Amino acid sequence: MELPRVAVWLLSFLLIDSGRTEPASESWGYVDVREGAHMFWWLYNGSGGNFKELPLVMWLQGGPGGSSCGFGNFEEIGPLDRDLKPRNTTWVKAASVLFVDNPVGTGYSYTDNNGFAKDVATVAEDMMVLLKNFFSSKAEFQAISKGEIKCSFAGVALGDSWISPMDSVRTWGPYLYSTSLLDDNGLSEVRKAAKAVEEAITQGDFLKATQLWSTAESVVEENTNGVNFYNILTPASEERVSSVAGHGYLALLVRRHVKPLHRQSLSELMNGPIRKKLKVIPQNVTWGGQSEAVFSYMAGDFMKPVVDIVDELLAAGINVTVYNGQLDLIVDTIGQELWVKKLKWTGLPSFNNLRWTPLDDPAAPGQTGAFYKTYQNFAFYWILKAGHMIPSDQGNMALKMLTMVTRQE
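Here the sequence shown stands for residues -21 to -1, 1 to 388, numbered as in mature numbering (1 follows the signal peptide of the UniProt record, and there is no 0).
Below, computed lysine-lysine pairings styled on DSBU-like, alpha-carbon distance capped at 35 Å:
{"#": "1", "residue 1": "K323", "residue 2": "K171"}
{"#": "2", "residue 1": "K97", "residue 2": "K258"}
{"#": "3", "residue 1": "K320", "residue 2": "K283"}
{"#": "4", "residue 1": "K323", "residue 2": "K352"}
{"#": "5", "residue 1": "K171", "residue 2": "K97"}
{"#": "6", "residue 1": "K283", "residue 2": "K238"}
{"#": "7", "residue 1": "K323", "residue 2": "K97"}
{"#": "8", "residue 1": "K320", "residue 2": "K238"}
{"#": "9", "residue 1": "K174", "residue 2": "K320"}
{"#": "10", "residue 1": "K258", "residue 2": "K111"}
{"#": "11", "residue 1": "K171", "residue 2": "K283"}
{"#": "12", "residue 1": "K323", "residue 2": "K283"}
{"#": "13", "residue 1": "K187", "residue 2": "K97"}
{"#": "14", "residue 1": "K255", "residue 2": "K64"}
{"#": "15", "residue 1": "K364", "residue 2": "K321"}
{"#": "16", "residue 1": "K364", "residue 2": "K323"}
{"#": "17", "residue 1": "K238", "residue 2": "K171"}
{"#": "18", "residue 1": "K117", "residue 2": "K256"}
{"#": "19", "residue 1": "K111", "residue 2": "K321"}
{"#": "20", "residue 1": "K171", "residue 2": "K364"}
{"#": "21", "residue 1": "K352", "residue 2": "K111"}
{"#": "22", "residue 1": "K238", "residue 2": "K321"}
{"#": "23", "residue 1": "K283", "residue 2": "K364"}
{"#": "24", "residue 1": "K352", "residue 2": "K72"}
{"#": "25", "residue 1": "K323", "residue 2": "K111"}
{"#": "26", "residue 1": "K174", "residue 2": "K364"}
{"#": "27", "residue 1": "K64", "residue 2": "K111"}
{"#": "28", "residue 1": "K238", "residue 2": "K255"}
{"#": "29", "residue 1": "K364", "residue 2": "K320"}
If you anchor each label on the Cβ, the simulated ranges turn out as follows:
{"#": "30", "residue 1": "N93", "residue 2": "K256", "range": "28 to 38 Å"}
{"#": "31", "residue 1": "D163", "residue 2": "N93", "range": "40 to 50 Å"}
{"#": "32", "residue 1": "K238", "residue 2": "Q262", "range": "19 to 29 Å"}
{"#": "33", "residue 1": "E178", "residue 2": "D287", "range": "20 to 30 Å"}
{"#": "34", "residue 1": "N375", "residue 2": "K97", "range": "31 to 41 Å"}
{"#": "35", "residue 1": "Y228", "residue 2": "E32", "range": "42 to 52 Å"}
{"#": "36", "residue 1": "R334", "residue 2": "T158", "range": "23 to 33 Å"}
{"#": "37", "residue 1": "N263", "residue 2": "N332", "range": "56 to 66 Å"}
{"#": "38", "residue 1": "R334", "residue 2": "L63", "range": "36 to 46 Å"}
{"#": "39", "residue 1": "S4", "residue 2": "G251", "range": "14 to 24 Å"}
{"#": "40", "residue 1": "D163", "residue 2": "A343", "range": "29 to 39 Å"}
Think of the hints as simulated: they come from the structure by calculation, not from any bench. Nothing here was measured: the structure is a model prediction, and the numbers come from that model. Note that the Cβ used here is the ideal one computed from N, Cα and C, for glycine as well.
The task is simple: from the sequences and hints, build the whole structure.
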């Protein structure tokens, strides 16, 4: 198993154990990962205890094209929220957090010459270059020896992650039907659209599969009166993107899945006060300015499953955690459970035979906030009353999960 093969934009966070001395509270910078390709990172050091005892968590946003340093930081788990007010549920309480704008072109990361990644392999190679440079430049992380990264990758956590696209798409219909968001006719139409996606994947035509995936989303929107793909109980954008004339399928996908991560208030923050604070962003770079291109260049790789990579991680002894929001449609929990059942991991039968354990909601003691199962180096968390962005919807529960995953409770 080679870690660089991991589909890094699908990961919510990586757990990295490393020796350290106490550093400054935050730092940031660029790494040239390829000629003309510049990747931005932002580190917050943990505030909740001895630095030497806290893990390092690397947060990677989805999309592809979503900014970890922007959305993940100020909308989900960073020390400050979008209004620059302290966040009570920040993950910095339990870990040092490294945000990376990845792939190149995301957030503050940029390319001079259209050097966008077109596949998972390039994304992963760029990430390994960044990590090597990051650890080399940070004296507090004793992770580089003779030019090689020597830190311990303690685990990965996959949050509402696009691991098996077809398993997600094929379960949209049943999920929406069971939540009273489709009638019989709608269910039939969504299933038909999903079948077309499946046929393209079976034929190995992944670019066509991405196009048909966009069509399937339009069918869902038309039959649900515009359900929010990221939280079925939260109103979607007032603009129905599926009904906008003159837009190709990639433009529709970008407006559904990249634009929500670049809402105006966040863009104003990142291109205003935060840009001034950082003092390293080139004048010709706009936060989020290349995000649409990031998504478009990955279109031919987007619908490929990566279940085999999860299997490789498990076989290598890496701790793998899957966590999913009950109200997420785009990556619904039913679909996640389907691909988990396809794992070749030898511990799967024993995992399946376990009964799940309820977890109290830290924000409402006595009420169930989640369920979880864990066996050997694999765990699954079912997070209740949360959509795709779990820390935004259930911040206390997400923080509790982090402390459990990192063995702090």
